[in-house]
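If you want the building blocks of each chain, they are given just below.
There are 6 protein chains.
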Amino acid sequence: MIYLTRKAEFSASHYYHNPNFTPEENHRIFGKCNNPNGHGHNYTLEVTVKGEVDSRSGFVVDLKQLKETMHFEVLDALDHRFLNKEVPEFRTLIPTTENLAISIWQRLKPKLKTAQLHRVRVYETADLFVDFYGEDSQDSE
Amino acid sequence: MIYLTRKAEFSASHYYHNPNFTPEENHRIFGKCNNPNGHGHNYTLEVTVKGEVDSRSGFVVDLKQLKETMHFEVLDALDHRFLNKEVPEFRTLIPTTENLAISIWQRLKPKLKTAQLHRVRVYETADLFVDFYGEDSQDSE
Amino acid sequence: MIYLTRKAEFSASHYYHNPNFTPEENHRIFGKCNNPNGHGHNYTLEVTVKGEVDSRSGFVVDLKQLKETMHFEVLDALDHRFLNKEVPEFRTLIPTTENLAISIWQRLKPKLKTAQLHRVRVYETADLFVDFYGEDSQDSE
Amino acid sequence: MIYLTRKAEFSASHYYHNPNFTPEENHRIFGKCNNPNGHGHNYTLEVTVKGEVDSRSGFVVDLKQLKETMHFEVLDALDHRFLNKEVPEFRTLIPTTENLAISIWQRLKPKLKTAQLHRVRVYETADLFVDFYGEDSQDSE
Amino acid sequence: MIYLTRKAEFSASHYYHNPNFTPEENHRIFGKCNNPNGHGHNYTLEVTVKGEVDSRSGFVVDLKQLKETMHFEVLDALDHRFLNKEVPEFRTLIPTTENLAISIWQRLKPKLKTAQLHRVRVYETADLFVDFYGEDSQDSE
Amino acid sequence: MIYLTRKAEFSASHYYHNPNFTPEENHRIFGKCNNPNGHGHNYTLEVTVKGEVDSRSGFVVDLKQLKETMHFEVLDALDHRFLNKEVPEFRTLIPTTENLAISIWQRLKPKLKTAQLHRVRVYETADLFVDFYGEDSQDSE
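Protein sequences appear in the order of chains A, B, C, D, E and F. For the first sequence, the numbering used here gives the first residue as 22, with consecutive numbering after it. For the second sequence, the numbering used here gives the first residue as 22, with consecutive numbering after it. For the third sequence, the numbering used here gives the first residue as 22, with consecutive numbering after it. For the fourth sequence, the numbering used here gives the first residue as 22, with consecutive numbering after it. For the fifth sequence, the numbering used here gives the first residue as 22, with consecutive numbering after it. For the sixth sequence, the numbering used here gives the first residue as 22, with consecutive numbering after it.
No lab work stands behind these hints, which were simulated from the structure alone. Hints may be right or wrong, so weigh each one.
Heads up, the list lumps identical chains together, so a pair's fine if it works in one copy or across two of them.
PhoX-like cross-link-like pairs, simulated, lysine-lysine; straight-line CA separation at most 25 Å [unchecked claim]:
hint	residue 1	residue 2
1	Lys106	Lys53
2	Lys53	Lys134
3	Lys28	Lys53
4	Lys53	Lys88
5	Lys28	Lys88
6	Lys130	Lys71
When you get a sec, could you build the whole thing from the sequences and use the hints?
Here is the structure:
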């Protein structure tokens with residue numbers, strides 16, 4: 022079993038707001054992230070897949086396929102977008118880094134064929150990142 | 022003469038659009054940056070000042086003052102903002118990295134007392150940055 | 022279950038010395054880290070918490086609380102300090118990166134309320150870091 | 022149980038080719054990595070060991086020994102080499118990042134005495150890395 | 022006058038050898054870089070152009086054109102190549118980082134139209150880089 | 022004319038204090054850097070030399086000599102030291118990043134033979150660095 026991780030970047034904007042909160046609650050809980058005009062980030066995405074090494078190619082996964090899947094399923098949908106307005110799941114879901122990692126997992130999981138999705142890591146800034154291992158992962162790493 | 026550089030980061034969103042261009046021109050020239058909903062970046066700002074070292078303190082500039090000036094004049098105005106909508110100069114000026122560097126220079130220049138502003142560098146992403154040395158700088162890096 | 026990591030930096034000095042070792046042993050085992058005047062590092066701290074995402078906020082943890090806890094419990098105690106002289110546990114414990122990670126875990130663990138502390142990572146330099154998952158963690162990364 | 026990771030870098034060249042593939046298959050599967058003249062990378066190696074902290078030294082592993090083992094067993098063999106031609110296992114094995122991580126594990130495992138090898142991570146570029154936890158590791162990160 | 026810099030990466034292999042040196046001289050001057058099988062690097066290229074900001078677009082240079090010029094003139098020629106064997110100028114010229122920076126300048130200079138080439142920076146590793154400002158630059162950074 | 026830069030790192034501790042200041046002045050001007058026990062940093066040093074490329078070697082400077090000069094003249098003197106106590110010039114001079122850059126210039130300048138010293142850059146942290154081009158440099162970066 023070997024783990025391979027590929028990084029990619031995308032730039033998007035978002036804001037945090039819960040319509041069920043009062044304005045005071047939204048301001049207290051979300052601070053300046055509550056600004057409805059949005060603000061943005063250069064997100065860094067790390068996708069980790071795991072599997073056995075194919076003895077003929079030496080690869081655990083076809084790197085070109087992995088790159089294309091990341092582009093078609095994630096980057097094309099999120100890059101240069103206002104997440105709250107233009108990405109369907111974030112019309113109702115707050116686009117925190119946590120929810121972004123879960124959303125990216127759900128976009129990638131059904132599309133990866135040869136290797137198994139192990140982890141989605143999303144950096145919002147250099148100082149803050151989130152890891153998701155799938156809904157049914159046991160409590161590991 | 023010695024040069025001191027301090028970094029800071031801010032997150033903002035923007036889009037590129039010239040109302041005098043046709044939609045086709047806006048699309049051709051600005052590509053996906055033309056999306057009016059905006060997209061965002063973690064900008065990195067580097068401010069370089071120059072001067073003589075004060076023999077009593079060993080400093081070319083009061084670091085606390087420099088940090089505060091950067092916060093009050095730049096970060097408070099730009100961080101977590103949609104530049105086109107919320108920053109006055111970008112209501113008419115296109116918020117490219119070039120114009121952002123010039124705007125930051127103009128915000129900082131009159132506020133720096135002890136040391137002289139030498140350069141403003143703005144990274145839009147890790148792979149793209151702009152340097153500005155002032156309107157009346159001769160052609161030198 | 023989702024994991025969120027926040028980074029912070031602090032600058033401190035330290036030296037390595039065991040009073041029960043002979044001078045030769047101290048020198049052989051600790052090399053130039055045995056210099057009693059101390060030397061220093063820009064430490065990078067990564068604190069990882071885990072938990073369920075709160076469906077109302079989209080957060081696994083209140084980021085502002087996490088940041089404040091890291092500041093009050095760790096940075097205020099260690100930043101700009103000579104660890105051996107000014108931090109109580111390192112009067113007797115050698116302030117290696119290993120012991121620093123354990124100490125930071127012990128400082129943070131009782132103070133984190135909403136999310137569970139998962140990992141403390143401490144970088145002494147860019148090329149050396151230590152991970153601690155708690156005293157009673159099973160052998161898992 | 023504590024985990025300590027040390028980084029090192031080496032520069033090597035390689036190419037990907039399976040003599041049992043047709044030229045078309047080699048080209049389709051390996052793309053420009055199939056160029057027999059080779060191309061190169063600055064590889065970054067992270068070696069993680071785990072163990073109990075020695076209460077006398079505060080160390081989980083003798084850092085100098087770990088550094089020397091990494092140099093003698095890995096860097097001396099791989100640095101400034103054409104992997105396919107000069108490193109015995111890659112005369113037959115394709116030197117992908119996956120196989121490189123496994124090879125480095127096998128080189129280090131028998132030589133580490135005081136602490137236990139936990140993980141070998143190899144970055145081929147900043148955007149692609151592989152983790153290996155040993156042949157008999159259960160499926161855990 | 023404003024300066025814009027764009028980064029790109031390429032992976033190549035090379036070795037250092039002067040046929041007019043004796044084997045002893047080649048070994049003494051070039052050390053392990055003299056290995057004729059070659060070794061490789063992930064080179065990072067930074068291209069800086071300068072000019073006035075176009076008031077209609079806010080750009081000093083068409084970023085898409087700059088990116089394409091860097092790809093067609095530099096990356097397509099050097100990426101995944103053995104420089105000594107596959108890049109014409111390095112059949113006779115030793116492919117040091119210095120000569121690589123000069124060669125890239127000469128490849129880019131005649132192809133850049135709207136903005137003026139100011140500097141080519143080439144990183145061979147994170148710890149070593151070279152800057153070239155053109156043959157006829159006065160002695161200025 | 023070509024410019025070559027080599028990086029190195031060292032870890033040291035220091036504090037800021039002027040015996041001619043009152044305790045209040047020392048505290049106000051130097052803040053927590055005034056702690057006499059010292060605190061420390063992982064300093065990053067960048068040394069830039071300039072010259073013509075030697076057509077026989079392709080080098081502007083003998084890299085091995087440059088590395089050795091940096092080690093003997095700078096790293097051996099500063100690494101793992103308490104600057105105020107153990108480095109002669111800092112018994113009287115305050116070891117700010119500014120003075121450190123000047124001191125390193127003075128240590129290196131007389132020892133570099135084949136290429137000319139152009140710039141010394143010292144990073145105290147990732148967010149703060151100083152450049153020095155020599156006492157008699159005209160006002161140019």
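* Structure versus earlier hints - violations, ascending order -> none
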